[in-house]
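Q: Take a look at the letters that make up each chain.
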Amino acid sequence: MALLIIIFSLVAATIICLVSKNVRSMVLASTAAFGISAASASLIADKVARHGDYAPFRFVQINSLTAIVLLLIMIVGFFSAIYAYPYLAEEANKKIIGRTRTKQLFILLNVFMLLLVMAVTASYPILSWVFLESTTLAGAFLISFYNKPSTIEAAWKYLIINSVGLLLAFFGTLLFITNLPGSVSNGFVTWSILGSFAPHFNTVITKVAFIFILIGYGTKVGLAPMHTWKPDAYSKAPAPIGAVFSGALMPVALVIILKFRVITDVAVGTSFSQHLLIAFGLLSVIVAALSFITVVNYKRMLGYSSIEQAGLITLGFGFGGIGRYAAILQIIYHSLIKSSLFFTSGNFLLKFHSSKIKVVRGALSALPISAGLFLVGLLAVAGLPPFGIFISEIMTISSGLKHYIAYALVAMVFIVIAFIGLFKQASSLTLGEKPKDIKAGEGSRWLLFPPLAILGLALVLGFYMPPFLHTLIRQAVVSQ
Amino acid sequence: MLASIVSPSGLIILFSIFGIGGIGTTLLRGNNRAQNLWAHIFSITGALWGLIFAASALISNREFYVNGLATSFPFLSLSFHIDKLSSLFIIIICLSVLFCSIYGIGYVKSFYGRYNVGNYGFFYNLFIAAMLAVVTSSNGILFLFAWEIMSLASYFLVVYERHDHKNVKAGYLYLIMTHAATALITLAFILLFNHAHSFDFNTIRASVPSMSMALKNIVFLLAFVGFGTKAGIIPFHIWLPAAHPAAPSHVSALMSGVMIKTGIYMMIRLFLGILLPIPLWWGLTLIIVGSISCVLGVLYALTEHDIKRLLAYHSIENIGIILLGLGGAMVFYSLHLPTLMLLSLAAALFHTWNHATFKSLLFLAAGSVALATGTKNIEKYGGLIKSMPQTAILFLIGAMAISALPPFNGFYSEWLTFQSLIHGVLSGDILVKWVFLGGLVSLALAGGLALACFVKAFGSTFLARPRSVMAKGAKEVSIWMRSGMAGLAVLCLVLGVASAYIIKSLESLGREITASPRAGLITSVSSRQTLQIGHNFGSISAPFITVVAVATPLLVWFVSRYFINRHQKITSSPTWDCGTDITPRMEITSTGFARSLTMIFQPLLRSNLSYDTAPAGSLAPTSIVATVGIVDIYKKYIYGRMYSLINILSIYFKKIQNGNINAYILYILLALIIALAMGI
Amino acid sequence: MLKIHFFQVTVSVVFLSSIYFHLAKRNIRISMVYGLQSAGVVALLFYSYLQKGSPLILVVVLATLAVKVIIAPTFFIRLINRHKFKFAVDPHVKMALGLAIIGLISGLVTLHIFSPLTTIIPANQTYLTLALASMLISVFLIANHKDALSQIVGILSLENSIVVFAIFAGLDQSSILDLGILFDIFVWLFVAIAFISMMYRHIGSIDVTRMKRLKD
Amino acid sequence: MHILAWALQILFVPLLAPLGVGIINKIKAKVQRRQGAGLLQPYRDIRKLLHKDEVISEDASFIFNIAPYIVFGITLIVGASVPLFTSVIHLPSSDLITVVLLLATGTFFLALAGMDTGSSFGGFGSSREMTLSALVEGLFIASILVLVILHRTTNLYLIAGSVHLDYADLIAVALAGVSFFIVLLAETNRFPFDNVDTHLELTMIHEAMLLEYSGKKLALMEWASANKLIIFAAMLVNLYFPVGLASNLQFGTIALAITIFIAKLLVVYVAIAVLESVIAKLRFFRLPGLLFTAFILCLIAIGLVK
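Residue numbers (the working numbering), protein chains in the order written: chain A, 1 to 480; chain B, 1001 to 1680; chain C, 2001 to 2216; chain D, 3001 to 3306.
Since the hints were derived computationally from the structure, they do not count as laboratory data.
Treat the hints with care, as some may be off.
Derived Cβ-Cβ restraints for the label pairs, each shown as a range [unchecked claim]:
#1 L1002/B - N3248/D: 52 to 58 Å
#2 L3015/D - A1551/B: 50 to 56 Å
#3 A1551/B - G3038/D: 32 to 38 Å
#4 W1434/B - R3152/D: 40 to 46 Å
#5 V410/A - I2121/C: 41 to 47 Å
#6 L3015/D - L1002/B: 34 to 40 Å
#7 V1631/B - I2113/C: 55 to 61 Å
#8 K1655/B - Y2047/C: 34 to 40 Å
#9 F2087/C - T100/A: 35 to 41 Å
Looking from chain B toward chain D, a few residues come up when the C-beta cut is under 8 Å (computed) [to be verified]:
#10 A1196
#11 S1198
#12 P1235
#13 S1572
We put the beta carbon where it would ideally sit given N, CA and C, even for glycine.
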């Protein structure tokens, strides 16, 4: 029921955006839709926490991890919707885009989120694939929103790379299904069917299939070496879209990989998938960590940072044990903090008209609040307290030191290197004297509220997990 | 009464005072004066409460745990443990905080309108609270949490004057160094956790006996380097002389006087409290590192002419001295000489306390001078004793204390350190003997050099004639700042006079830290306040020395004034000038003063003296500039190399993102094939 | 016997056309050949319809026919005519070497590590092997060709090969899902073509290597 | 008797110190084939200076004015704390480290006074002084450390009072004594470190710091340096050659002890005088080498004792 509310509200919002002429009504409708969705998502989460998996009708199946991610993406979507309008309005005032574009953005945003919801909740692997593939299409237009050569380039790369990746994932999915006896395989194959037949799977086929899945959906997650589209897309998309991409799309793709991972582990034992996850996670961490120190564009930097985070999360799942717990925590924290970072980076862009790091100086003088939030958020992502990533990284490393000492140490080293790089950029962005021609002062308060609120949420969750969320995480850890 | 103070609620009150202070300041938007007062009044109150709290904990001999308050995470529980060591460090912290905050009321006035005083107040109180949390937490994760917050808050205070890019660079260096160090500490704690399955200190202690020696050694190395970096031991010190001068002076005082001591605190906690029993080489390592740090630290200080950097280098020196005591204690522990262990530990703790006092005093005085003149360059000072006599006297007291001159407190703790090192030389086999001997000699050498360094610092700052217009225009600083310094100066004397009792109680405190209750005390305090070491091995009487040191000069003055040639005529005239007119430029500068020592220690300092002769149009060159510079070998050879290595790697990895989509697809294909090849 | 011949023909059509994309110079021919390849796929689907005879599959067959054989090539051709890019941009790796790599890939899939995949249904081992090979060849096409159109075709032929593989792997799932997938491809086609013309408008070429603004 | 002993102990140094200087100067004069001033000349000088008026630099601060009293007072304290003729009475301050640091305090104020007037001479004077004392302090402690290790105490009186010395250690003590003698030369500004008789700016160290002083203050400074000389001489003879110190406070023993002590002092003075007559002053940057050699001697000595 609650899920239907989500879908209907989002569909309704889309329709309103399509038909109405008045921008304000679209914004209100979308924001309201996301608000309602977030509320019902938390209802679902609560239900799952109390009664276990939630499958209102046969197309839908929501386990604890799904519920967490559903709630998460809805929160991110909600704040992005709030942030998007004032942001676009500012750009329209600066004659960067036409006023009518707002309509397009909100339609695409709603559709995008709708597809994400369906992808993550669908009970059929194939359906999940179909919806995720469709997000690629919606995403392409969101990236090319500004219709500049550079944005077209980013969108094209995004389109091609992700299509290839997703087709590989499709193949992997099919391979999984071929494992089933013919009687089962014709008709609809659900996750649970796959799970129930997993013990009888052909191990080699399953291994190959999982490799295809990991590389395919890993492209969407942004694991190295399939990450190449990420910095381009993130840096070219409008700020709120960047938030949605790294805050909502990434976890969804990750969840689907994890669903397959559970099945694989049943079929071929855990060590296989563990090694793969560790390998790709570590590679991502290394590639991203080394990029920070010489990166020249702060939105690209955020892109790399979410590659690094994806890597750490994957590492956590790979290490297993307490690491899984850490990884799930980190999914939550990262989505929230990273969205806040994208919002504030949007404010930077509005103020300094450039996403070059060497252009932006003394942001703390120009934008006291945004820059403060940016600095705090960046330090939080780099793993400093009082934010939760600090603890989740410690957990990850400690679980790694049990069985994979070398990998854990390497990860630790590159976490520090990542900190060095990130922090170098952060201090050169925010501190120092501001350029003379930039005059101090924040934009509208609606540009400040979303990052502030979502960062505050992350901070609170760093200390206090609501009971239902906590039980969800526990269940998810067990089920993984 | 005491019981009610020494209780979880007492601790909660302590933290909440600083909490209110910090948050309240930010809420008072705009009104600088109110923010300033609010921030400091609360930190002062907090400091006072902390003193009451810790003092009554020590007096009532209570210790308590605050367990539970578990957050919704596994193994992060907000659990604290107040024992004697914690109480001692609370006292050390709060004493410095008290006077630095009083000073701060005057100092922060200079920020009005230029920087946001609200942020200052927030981070200042946060910083203090974090330090207190560090010395009270009894859970590894909570400790790391507080530790990072402490670093972060101090970082924001370092870059508080953020428009100066030097401060920004200093802050960057500081935070990455301390973060790397924290990574090592984290590893150490994780290793302990993986062994003990808990981050709780007591559980870890309980599980130590079953720990393999190799694991213990790894933990020791990680922890020693990690905490050593925070403490500023050479070669992990490079952040210290950069960061401490950058912060507002009273914050520098806290960082240099107190914050770096938290590293010492944790070393004591871990090495003498938790990881017992410890092998011999740990202690020897500490002594060797300590000797190096104290000699090199003071040598670098000699070459400095930025007054706050000079003081920062002296912190390195004094950390070295503390390490000599601590290392001695560890060696004695491994040699099963508990009484001597207590002696050295007392020396280390007492010197920690004293250094906190006089180093804070010196930084405050230096800050006053810098504020009055607007520069930190000693070469630009001179003659300030006339314009700011009280600051001068206070600085002089600090200088005498840090140079271990009687009758101030530095003298007694250094005396005690000497005694413990001599005992080390007397006991133990050939290796131990010579290591202790090395410590002893380097301590003596460092003492002499420190003396020279402070003659230079005081002389070229306050004496003779002003060497710049800034120094000419200097005025005495506000009453707040002077009273803050005066308090610390008095404390220097009091700690000195009361040294005998303090040392004894520190020894009995050491008993509890190291859980060696049966260890006898080697020291005894005779009726005449004389501190006896062993059976008349050595003895010292603080009151006697104080009285004599004050009375004798007075007596000499009195006699020569009133009994000999009472009607002497005293006229004042210019300094003898050999016929030329003598200008301030002829005075000896701080660089000139230290030149000969710099040259003598050339091999250690890599110092180079270069003459830059202006093109001689006529027969005689118009001007000759001599520059004495030293190479920072650590930055150049160690850290610089590491940093550039990372840079090179980074540029190399950038080639992955070459913008060509075909390549990107190829990556995927290759990843697929490799994964298939490896996976199956 | 006839069945065998039929399978051999269709599969080799798919396989050879995936190779042809590498060699073709003229974009028109590329799109034509794509139509041919898709026709092969449709034929296979139609065969399985004859096997089962469920009307839904017929729908799938017809839809596939419409989308892949008719709509896609026509769209391509219209695009080509509108923007007048007759000739495909040269690939990174030219003829001989390209063929060598293709051969390598084809050899790769015959290695024993792939045998469990190709022997899902032992009878169809040849076909599965060929399908797998043309998959990888298509990916290599996307990696090798600078021509935006070729990249799109590469992706589509990758999809075709996967479908072929699925058919020979005896994987006949509910046609609803097939339709869903097909719909996806359909929309994807539009999007891709839209982007090609956008690219042409902004960059004045469909040489993707011209797009090198975004890099570190 | 006890009171008398104390009075002697305290007054001995200031009263006899100028005589020591007189003796050295006399011997040097004789060696140089000069008549030389009378033995009591230093007393006359001090008396003359004490009754002169003073001229003080305008730039001088209170440091300049209090320094002489502190420096002189310190020598009084140390003089009372080192063993002179007896080893049975001692002050709480007669401890090795305490004495070293008390003397350092004197040097500290002396150097500050040198810088205070802003004269270039005073400046480099105190720079050189501090350079030397910084290097000497370590040697000072090291050279006495040998005795500390031998006698298991840092109390100077107990060191002086302990008569037993097995011959195995004599060589170590001798080596340490030699290096302590070098310390003495350095601390009392004697050849080859400094030349007390010259006011030649290229060479002077101690005198450079006193240039601005006159009258009483100069008298006190000169007197204090004389005290320092006798103090170090006393430490040398009583710590390294602890013979003939009164072990009780009978009149006879004390009288005997004092005569023996003075005799021992005379030996040291002769040695200094002869040395100053036969060797030249070393270049400043050669001095560290000399000190280092002495330091090596100490290490050897420490190595010898078990």
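Q: Look at each hint and say if it fits the structure.
A: A quick look at each hint next to the structure:
A beta carbon spacing of about 53 Å between L1002/B and N3248/D agrees with the range 52 to 58 Å that was offered as a hint. Roughly 20 Å separates the CB atoms of L3015/D and A1551/B, a value that falls outside the hinted 50 to 56 Å. Hint check: A1551/B to G3038/D, Cβ distance near 35 Å, so the stated range 32 to 38 Å holds. With their beta carbons about 18 Å apart, W1434/B and R3152/D fall outside the hinted range of 40 to 46 Å.
A hinted range of 41 to 47 Å holds for the C-beta pair V410/A and I2121/C, which are about 43 Å apart. One distance hint, 34 to 40 Å for the beta-carbon pair L3015/D and L1002/B, is violated here, with the actual separation near 57 Å. Against the hinted window of 55 to 61 Å, the Cβ-Cβ separation of V1631/B and I2113/C comes to about 58 Å, which satisfies the hint. Range check, K1655/B to Y2047/C: Cβ separation about 49 Å, and the 34 to 40 Å hint is violated.
The beta-carbon spacing between F2087/C and T100/A, approximately 38 Å, falls within the hinted interval of 35 to 41 Å. Restraint check, A1196/B versus chain D: the minimum CB separation of about 43 Å is more than 8 Å; hint violated. For S1198/B, the interface hint is violated, the least distance from its beta-carbon to any beta-carbon of chain D being 46 Å, above 8 Å. At its closest, the beta carbon of P1235/B sits 23 Å from a beta carbon of chain D; the interface hint therefore is violated under the 8 Å criterion.
Taking 8 Å as the C-beta cut-off, the interface hint given for S1572/B holds, the closest approach to chain D being about 5 Å.
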